[in-house]
Structure formats: C-alpha cells, structure tokens
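S.K.: Spelled out, the chains give:
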Amino acid sequence: MRTIEFREALREAMNEEMRRDEKVYLMGEEVAEYNGAYKVSKGMLAEFGEKRVIDTPIAELGFTGIAIGSAVNGLRPIVEFMTFNFSLVAIDQIINSAAKMMSMSGGQFPVPIVFRGATASAGMLSSQHSQAFDNWYANCPGLKVIVPSNPYDAKGLLKSAIRDNDPVIFMESEQMYGDKGEVPEGEYLIPIGVADIKREGKDVTIVSFGKIMKQALSAAVELEKEGISVEVIDLRTIRPIDYATVITSVKKTNRLVIVEEAWPLGSIATEVAFKVQKEAFDYLDAPVIRITTADVPLPYAPTLIEASLPNVERVIKAVKEVMYVKK
Amino acid sequence: MEKVVIKTKKETPVAEKKSSTKFSKETYIKWFESMLLMRKFEEKTGHLYIQQKIRGFCHLYIGQEALVAGSESVLRREDRVITAYRDHAHPIGRGLHPKYIMAEMMAKVTGCSKGKGGSMHIFSKEFNFFGGHGIVGGQIPLGAGIAFADKYNGNDNVTLCYMGDGAVRQGALHEAFNMAMLWKLPVIFIIENNNYAMGTSVERTSNVHDLWKLGLSYEMPSYAVDGMTCEAVHEAIEEAVNRARKGDGPTLLEMKTYRYKGHSMSDAQTYRSKDEVKDYQAQDPIEKVLATIKKNKWMTDADIEAAEKNVEDIVAESVKFGEDSPYPTADELYKDVYTQTDYPYIME
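Taken in order, these protein sequences are the chains called Z and L. Going by the numbering used here, the first sequence runs without a break in its numbering and finishes at 327. Going by the numbering used here, the second sequence runs without a break in its numbering and finishes at 348.
Note that these hints are calculated values from the structure, not bench results. Please note that the accuracy of each hint is not assured.
Taking lysine-lysine and the DSBU-like style, the derived pairs with C-alpha atoms no more than 35 Å apart in a straight line are [to be verified]:
1. Z/51 to L/213
2. L/246 to Z/23
3. Z/23 to L/256
4. Z/198 to L/335
5. L/295 to L/184
6. L/309 to L/256
7. L/335 to Z/159
8. L/125 to Z/159
9. L/288 to L/278
10. Z/42 to L/184
11. Z/251 to L/288
12. L/335 to L/274
Label pairs and their calculated CB-CB ranges [to be verified]:
13. L/206 to Z/126: 30 to 36 Å
14. L/333 to Z/225: 26 to 32 Å
15. L/156 to Z/189: 47 to 53 Å
16. Z/321 to L/333: 40 to 46 Å
17. Z/202 to L/171: 53 to 59 Å
18. L/320 to Z/189: 32 to 38 Å
19. Z/20 to L/154: 16 to 22 Å
20. Z/226 to L/333: 25 to 31 Å
The structure displayed is predicted, hence computed values, not measured ones. Ideal placement from N, C-alpha and C gives every residue a C-beta, glycine not left out.
Chain L on its own, in the form it takes in the complex (with noise of 0.2 Å):
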C-alpha cells in the first residue's frame, strides 16, 4: 500500500537558529506534520461519523497526538506496534497512508481490512501495524508475544504495546507483565492515560491510581511520562527502545494524556466537565510544537500553511478514496477466514 508523504515546500529560513533542545528541526517539522494530520484526518472521521458515512463503533484519538508522534521518532520501519481499537493515528503514523484507514472506516473493499475490520480493526502488515483490537486487554500478550516471536528469531526488532487506562484493570496485563519480564521480551507496554475508561475515571476503578506502579510487581522499569509533550515521550520511548534492543526487556510507560472528544461517536461525556477539557486543549501537543517551530524560525507562515494545505489535501483524498471505492462483493464472504482456500464451509 502506498506510504503517506507529506510534501511541503520548505523555504530557507531567514535566520536558521540552533535547537534550544536536543531535537532537530527535521523531528519538529515531522512531529508537526504527522500530529496535524491525526487531528484532521480524525476530525474529518468525526464529521464522517455524524453523517453516518462512517458506521459502526468509532472512537477518536484528538489531544492524544503525541503519543505515536513522539514514539515513532524513535522506532525503525521494522519495528512492531499493536493497540486496541482507538487505533487510527497509529497506522498513520506507521506511514501508511490515510485513505487506507478512512475507506476501511467506510467499509470499502480498497480499506486496509477489506472492508472486514471498520474503525477498530485497522491492520497493515507492510507497515508492521499489528491492529486494532476490540476486546480491552487483549492485545497486551498479543504485543508481549510479538515481541517474543522477534527475541526467537534473533533480531533486535522490539513491539510498542498500546493500552488504554481502562485495560490495566484486566487480568491479561498481569499475566502478560509476569512473561515478559520472565523472558526479557523486546515489547514497551504503554499506557495512554486519558482519565476515562469510557466514563469511568481512573479513580473509580482501583485504589492504585499511579498506573505506572502497576510494573513494580514484576520488577518492571516503570515510569510516568508527560503525554502531552513530544519531546517527553521521545526520550521515555528512546530509553525503553535502547533497552529493549540490547536484551534487557520491557518497560511500562503511563502517558499522560487526554482526548478532547469522548470515548466513542456515540459519548453525551456528562462525566467530566468543559472547564477540564479546556485545561487540557491548553496544553495541546501540536501548538506546543508549532510555538517551538515558530520560536526559532524554522517554518515561516507561508510554511505552516502550506503544511496545512497539504494535510487538508490528503484528508480530502483520503476521503474521496473512500467514497469512490466500491463495497466489497458478496464472493468476499468466504474469503480470508481460512488461509485454506478450498475450506468446505456451512452454506444452506
């Protein structure tokens, strides 16, 4: 499938002025591109959504852009990422390109999934995205057990393991917390702490609300980190990565972080107020990099818009893709369950 590029045009900088931090202009300019095209491509999806173009369960990944952005800063093409199903902004940022996911959302036989996932399974083997699971917890020793298929094989591949605050309370992560470091697998497990499983705060499910404490059974390298910052979860993903790489196995992450919009399409959110929405889009992630872009002149206006221009163009081709795609045929029915091609199904 074809790779997302994002083609502005840069203009040599008036007055190109030194990092102040660590990261390059290139690591701003990309964190900016590739989060600008989450929160637009996720906004189009919401859009979508009200306008039943979009079906089934459909669930947002807005304020918490920094998360894949930061992490994919550090990982390689061949490395393994899985999540669960708040599971657009991790393809994309993968590499692949939108239109993929926005037909699989539409239900077309061009999406990702051929139109057999929707919105919570969007998979891409090309680009090592391991899914898109619907069951919470489910893919955390399935993330453990990628890893422990790349340590067999022997190489230094590792798996980034997506969760949600609400899938720490499931038993899978306990199990899946205990192998892992039992068998020193190359998986970082993060939490993307975003307050609510569903509406249910992090307080109203356990006792234990630093979920980063959750590792410390297993003797786990265990930290907190800011979500909101890509600068934050570059470096806590980097350290994890250079871990897991040499052998010496995984890490627990807590993000902390926080999505704008509710847990799914269908979310009334009475469960929170506006005001603590609003603190948190005051810290959002893309404006916090633009103003570090804007501080030492790396884009100029002209630049930034035509960032966004582009952004807004390959959303619209994304979408356009999809609608001009077909579903797919019934003869798709039997397909893809089995790698059998001759399995004798049940047909009356």
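Pulled out of the complex, with its shape left as it was, chain Z reads as follows (with noise of 0.2 Å):
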C-alpha cells in the first residue's frame, strides 16, 4: 500500500469531499495563497478557486461566526483553525451557535459543520500555544468531538466528519502533519463514535487518542521486550466515546492506564476511568492509572517540557504499576 503524510491524507479527505459536493467549502487563515499554515490545503486554491478555498481575516470569532451562519443556510463549511488555541476567541460561537442551534430550534436549524486544526503541544512554544482543549469541546453536549492518530484514520474520519450534519471538532497536531502511514489510494470512510485497537494484549489495556497514541504505541513495544502484553486503544472519536470497546478489553486484561494530552481534571481521563469502575468494578485488578499533561500551563524550557507531557518512560512506568510489577 501507499504512504502518504497526515497532511496529505486531510487534503485528500478535503479534495474528494468538495469535488462530490458544491456546497463543501475551506475557509481559514491562510488557507488559500500561502497554501496553509502547514501546508495541509496546498494546491486546493488552484483546483477549487477564491470562491471555495477563501483566506480569512485574524478574526476567529467573525469568520466562525459567519461560517455557521451559512451552514444554517445551506452550506457545509470547513474551517481552519490555525491551532485550537486561537479556537478560543471563537468559541462563543462555537458553543453558543453551532453547537445550540439545532436544539433551541427544535431542530428547524442544524448545523453541518467542521472545525480543524492542530490542538496540543508542538514543540518548544511555551504556555499559549500548548493547550489541548479536546475535553473542552468534548464536554458540551451538540458537538462532535474527533482526534485520530494517524493518517489512514485521519483521512476516513474527516470524510465522515464532511459528510455529518452535526457539527464536528476534528483535532489534528503539528508535530503529526509529517507523519507517514499507509493510506489506500480507494475512497473510504470511518464510523465517527469508533474506537480502533491498534494493538492487541492480555495484560493490560491502554487508553488513549490522538498524537499522544505514539507514545502509548512505544510504551507497548518496550514492555513486549520485557513480556508484557499491552492491548492499545485508540478512541479516535472522544465526543461521543466507544466506551464499550474499553470496557471489553478491560474485562479481558483486569488493568487500565489512560493516556492524554491534556490537564488532568476534567479530562477525557477521568471520564473513562469512571466508566470503567462503574461497568467493570469487578473485573479491576488494580486502580486505574491516568496520564496526563502535568496541572500547570506548559513552559517554554525542554527540561520543563520533559517533565510535564506524557512519554514512554512515564506510560511504562505506569503499565507496571498496575501490574504490580518492581523495578
């Protein structure tokens, strides 16, 4: 099969979805020119023109605003957010409007609509920049919620994100667009609400999602070394959640560790773990661990950094606790 980038198998996702359908159009900063902050929409200005690929102002909150409005008039507007930080000068219309319409309306008005962009830590960017708010949006009850690992998933579900009549938060990363992964070159789609067990196991079950997925990966590599058999899920969907996925592979393994990219309360964490001692009490052989971004806003220094996010050291470490396993 074929390797493409992450950023290739958006575009692709893109291109096919507005060559089936007129009324799907890309609106962001520098979407069309520059051809991307990060080179995701490269060459969909030539092939589609201004009136479909169209540059925007800095003005998150106008350009979200009037990228509603005309999904409630019929069209289904892609919108480009350079990051998810900047998502917070928009997000009054992004709750308040898109996510609200539909129902305050008795559903005379819904809202087909996408949302992407990168969300989380990119590298050396300090506290403003880092942010993942992929619990945020998946807490408020009208919005989707997608934040896939790789680009076979990323380009299957942003198609089917596309194609929603609801709106759909699809959260990407920076540090992911150059990735390579194995995408087929047929049209395909990916059921949003689906997890994906990227790997199989026996001993224990890690939860986790989007970009942090490769350290959750790692980790299960190193401890295979070490005869420890890890099942990885991939949530992919976190808005609504497969719960039950997680929930069978924790009645098969006894243990869970959750890995995120996120602060830890509140955090999509959280809700999985109380899922699970709820709908597998009994099967639990230790307490449930969680992953998280350290509870401060992210420094700028690497030492810092290192301490904060996620990392394979920190995933094994936990995968052992829970097996009760020194050293």
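Using the hints, build the complex out of the two chains.
M.R.: Right, here's the structure in full:
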C-alpha cells in the first residue's frame, strides 16, 4: 500500500469531498494563497478557486460565526483554525451557536460544519500555543469531537466529519502533519464514534487518542520485550466515546492506564476511568492510572516540557504499577 | 406552520384619495394592522409574564414596531431575518402566526421551537426567520454568514440582521462588518437604537454616540434613520436591499427608536424619566400611520374597529392555543440535539 503524510491524507479527504459536493468550502487563515500554515490545503486554491478556498483576516470570532451562519443557510463549511489555541476567541460561536442552534430551534436548524486544526503541544511554544482543549469541546452536547492518531484514520474520519450533518470538531497536531502512514488509493469512510484496537494484548489495556498515541504504542513495544502484553485502544472519537470497546478490553486485561495530552481535571481520562469503575468494577485488579500533561501551563524550557508531557517512560512506569511489577 | 392573516373587512371608502406619499393605501393598512398585532401581542405577553404563564427572560418590542413593519414591506418571503433575544415581533412580521410564538413562550411542545427555546429563541425556518439569539452581538457574524451562503449560491436573497445598541460594542460586530464589506455580502445591519443597553445609555458606553458612524471604519454605506416612522424605515431599507441585491454589499442603518417598556420584564427603569418615555410615546408609530389612514379616509371607523377586533381575536386565539397545548414530554429531551437519531447520549 502507498504511504502518505498525515497532511496529505487530510488534503485528500477535503479534495474528495469538495469534488463530491459543491456546498463544501474551506475557510481560514492562510488556507488559500499561502497554501496553509502547515501546508494541509496545498494546491486547493488552484483546484477549487477563491470562491471555495477562502483566506480570512485574523478574526476567528467573526469568520467562525460567518461559517456557522452559512451552514444554517445550506452550505457545509470546513473552518481551519491555525491551532485550536486560537479557537478560544471563537468559542462563543462554537458553543452558543454551532452546538445550540439545532436544539434551541426545536430541530429546525442543523449546523453541518467541521472545525479542524492543530491541538496540544508542538515543541517549545510556551503556554499559549501548547494547549489541548479536546476535553473542553467534548464536554459540550451538540458537538462531535474527533482526534485521529494516524493518516489512515485522519482521512476516513475527516470525510465522515464533512458528510455529517452535525457540527464536528476535528483535532490534529503540528507534530503529526509530517507523519507517514499507509493510506489506500480508493475512497473509504471511517464511522464517527468507533474506537480502534491498534494493538492487541492480554495483560494491560492502554486507552489513548491523538498524537500522544505514539507514546502509548512505543511503550507497548518496549513492554513486550519484557514479556508484558499491552492492548492499545485508540478512541479516535472523544464525543461520543466508544465505551464498549474499552469495557470489553478491561474485562479481558483487568488493568487500565489512560494516556492523554490534556490537563488532569475533568479530562477524558477522568471520564473513561469513571465509566470503567462503574461498568467493570469487579474486573479491575488494580486502580486505574491516568497520565496527563502536568497541572500547569506548559512552560518553554525543554527540561520543564520533558517533566510535563506524557512520555514513553511514564507510560511504562504506569503499566508496571498497575501490574504490580517492581523495577 | 400556519401563516397569520389579518382579515379586516374593507368597506369602500366614501371618497378614496390618492396618497400624498409614495406609499399605497394597502401598504399603510398593512403597516397599521401588523404593528397593531405586534403591539397587542406584546401587551398580552407582558400580562401573561406577570401571571407567570410565561417564564424565563422576556423582552418586549413595544414602541419599536415600525422597524419590523417598515422593513417587511420591502422584503420578499425568501429573504432572511435574524435578530437577538427581543424577537417576538420579527417572526410576526415575517408572517408566522403568533400562536406558535405564544406557545413557545409558554414552554409548550406546539411552540415554534417545541418548547426548547422560549421567549429568546423564536425560530421559523419556513418563514426564513433564523432566530432568536441570546448572546449579545452573537447574531451579527451569523447574519453575515447567512448572507454569505446566498451569495455563494448565486441567488439575490438578502439578510436583515438586527441588533440592539448594546451589541454594537461587541468585537463580533467589527469582525463581521470587516468581512461583510471585504466579501460584499448581501446583508443589512440594523441597529435598533432604543437608547439603552439594558440600563446603560448609549452615551455611557462609548465616546462614539452616533452609532451609524461605526460602519464608516469599513467604508460601509451607513445612515441614521427615524425608526419611529414606517415611511423612513421602508425607504432606507429599500435602498439598502437594492444595493445588496445588485451585489454591491452591506449597509448599516442606525434606526432611532424607543422601547416603552423596560429592558426585560424585571426592569424597574430607574435609569430614565417618565417624561422621556412620554415624549417618545407622543411619536408612536402606530398612531402616526393611523393618522395618515384617517386623513386619507382609507379606513372608516368601522374598518378600524374591525381591524382591532381581528387583532384581539388573533391574540386571544394565540393565548388559547398556548394554554390548551401540552408541555413537551420527557422523551423529547434527547431529541433535536443532533441530527443523528441514534446518538449515544451518556445516560446514567
């Protein structure tokens, strides 16, 4: 199978959907003439023209509201946030308009829209450019939230998101755009709300999603060398969450570690841990451990970043802890 | 949903005179009847709120009726309207039967938003009324976006985006104005300047008191309009609509108006004098239209009485419809949040 970059998988998804449906358009900062801040939309202006690939001023609140207004009047916008850090100035429109209009109009005004862009840390960018708001958006009814971890999932899920008639938050990472992965030539869709077992195992379950999945998978490879078999579940969608896949796995392994790049309080990890204690309490042989970003704004210094983010070592330590393995 | 039709029996006037203005007899009668319906509906709404048959926040349009009446006499059915939470009159102007608005305010399942929106979230897709929005200024970029879709689709529909004088101090206005001009969107921004953002007067919110001037930063055609007069509103809207339909972009209209009642039903109005309210009531838009009708003998006293009776009947029918309708049952709770009918809600 051919191998393409994560950004190319996203671009293919948008290109295919824009060829399929005239109502789909892309809007955001630097998406057109600059070919995308991270080159996700490279070549799209040339193919679709300025009517459908639209550069905006730096005005997230305004263009987000305009895109939502166009969605309630028949279009299917894709809004690119350069990063979701900048979505905070638009969050009123996302929460109060996109997520609410269907409900408060009694079902008269669906909002078919995708908000996509990079989330979480991306190197030494300090605290305002390194935040994972995945769980914030997942908290809000009316939205769907997708956080893919590889090019194959990214393409299939983005195509589903664009075709979905509800508002979808689609979160990527600056540190994933260059990742290569196998993506078939033909068209395919991946359903929203279905987790994927990325690696089967029998001793411990690790649940994760998005960029930080890499740490979980690397840890699983290392642990296998020590004879520990880890099952790694990629949630892929965090609203809705595919609890059933997690519960089934925990009932098999009896141990759970959750790895997430967000702050700990009110995280997806917290939610999954709650659900597991409720649905699989008698199956647990150890307390659930979560690994999140440290409970501080992410600093600039590499030493402090190292101390803050989930990494392979922390995951390995947690797995050994739930297995009561010393060393 | 049912359209509201005011069926006044029109007797042949004794001596029909030609209009001294550009507007027809029919236009004046339509203005009179629609404004009277808005006024009587809102008066009833106020009474029902005091009786706690309507709950939540409730903002009345009394005094501002000429803005909707004067705009709707320009618009086509397929044009779009969006506003904030003072939103009972706009859908009436669009033609929605007020019984669906009354039922909505009474939280009944027969309401236009199935009892999920209430007073602040009246919506009617059928009549191209896009709400009913509760965050001050939030509807401004939405209105520009509704117009964006029509331009994208290549039709000549226009969007009227109403806002209060308080909303103009929100950043969303400036971002939306900028892009609406940049992309020449067919949207008309209408400031319903009733002098007070809740209890804070225009003068106390900015150094800029002429709100129409805010459009000038974006080189948007911007005007102040007498919002207490249907003729002036119609003329200003007509010019703006023509500009938008031709593809020449947005217009900002500052409509100078006044609300006779408080900001919401819980407003003691300590920030203004009774004389000030009386001064504005002396320029009442309904009285002015009625004076023109009487002067031209377009309606006899019997016609006027019949119109008033008809409006009272529609209001009474609306109240009865609301009172007779059931509340939504609990099974409605997990409907209308997503279009996906089998969305797996967390239910514990």
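S.K.: Hints first: check each against the structure and report whether it holds.
M.R.: Against the structure, the hints come out as follows:
For the hint pairing residue 51 of chain Z with residue 213 of chain L, the CA-to-CA distance comes to about 30 Å; that is within 35 Å, so the pair holds. Taken as a hint, the residue 246 of chain L and residue 23 of chain Z pair is honoured in the structure, with Cα atoms around 23 Å apart against an allowance of 35 Å. Simply put, residue 23 of chain Z and residue 256 of chain L have alpha-carbon atoms about 39 Å apart, too far for the 35 Å limit, and the pair is violated. Restraint check for residue 198 of chain Z and residue 335 of chain L: the C-alpha separation of about 34 Å stays at or below 35 Å, so the hint holds.
As the CA atoms of residue 295 of chain L and residue 184 of chain L are separated by approximately 42 Å, the hinted pair breaks the 35 Å bound. Taking the CA atoms of residue 309 of chain L and residue 256 of chain L, the gap is near 30 Å; set against the 35 Å cutoff, the hint holds. For the hint pairing residue 335 of chain L with residue 159 of chain Z, the CA-to-CA distance comes to about 25 Å; that is within 35 Å, so the pair holds. Our distance criterion of 35 Å between C-alpha atoms is met by residue 125 of chain L and residue 159 of chain Z, whose separation comes to about 28 Å.
Taken as a hint, the residue 288 of chain L and residue 278 of chain L pair is honoured in the structure, with Cα atoms around 15 Å apart against an allowance of 35 Å. Annotation: proposed proximity of residue 42 of chain Z to residue 184 of chain L holds, straight-line Cα distance about 26 Å (limit 35 Å). A distance of roughly 77 Å separates the Cα atoms of residue 251 of chain Z and residue 288 of chain L; the hinted pair therefore is violated under the 35 Å criterion. For a cut-off of 35 Å, the pair hint linking residue 335 of chain L to residue 274 of chain L is broken: about 46 Å separates their Cα positions.
Taking the beta carbon of each, residue 206 of chain L and residue 126 of chain Z are about 35 Å apart, inside 30 to 36 Å as hinted. The supplied range of 26 to 32 Å is broken by residue 333 of chain L and residue 225 of chain Z, whose beta-carbon atoms lie about 51 Å from each other. Range check, residue 156 of chain L to residue 189 of chain Z: about 37 Å between beta-carbon atoms, so the 47 to 53 Å window is missed. Look at residue 321 of chain Z against residue 333 of chain L: about 41 Å separates their beta carbons, and that is inside 40 to 46 Å.
With their beta carbons about 55 Å apart, residue 202 of chain Z and residue 171 of chain L fall inside the hinted range of 53 to 59 Å. As the Cβ distance of residue 320 of chain L to residue 189 of chain Z is approximately 50 Å, the hint placing it in 32 to 38 Å is violated. Separation of residue 20 of chain Z from residue 154 of chain L is about 20 Å and conforms to the stated range, judged on CB atoms against 16 to 22 Å. For the pair residue 226 of chain Z and residue 333 of chain L, the beta carbons lie near 50 Å from each other, so the given range of 25 to 31 Å is not met.
Hints 3, 5, 11, 12, 14, 15, 18, 20, counting from the list given before, are not met by this structure.
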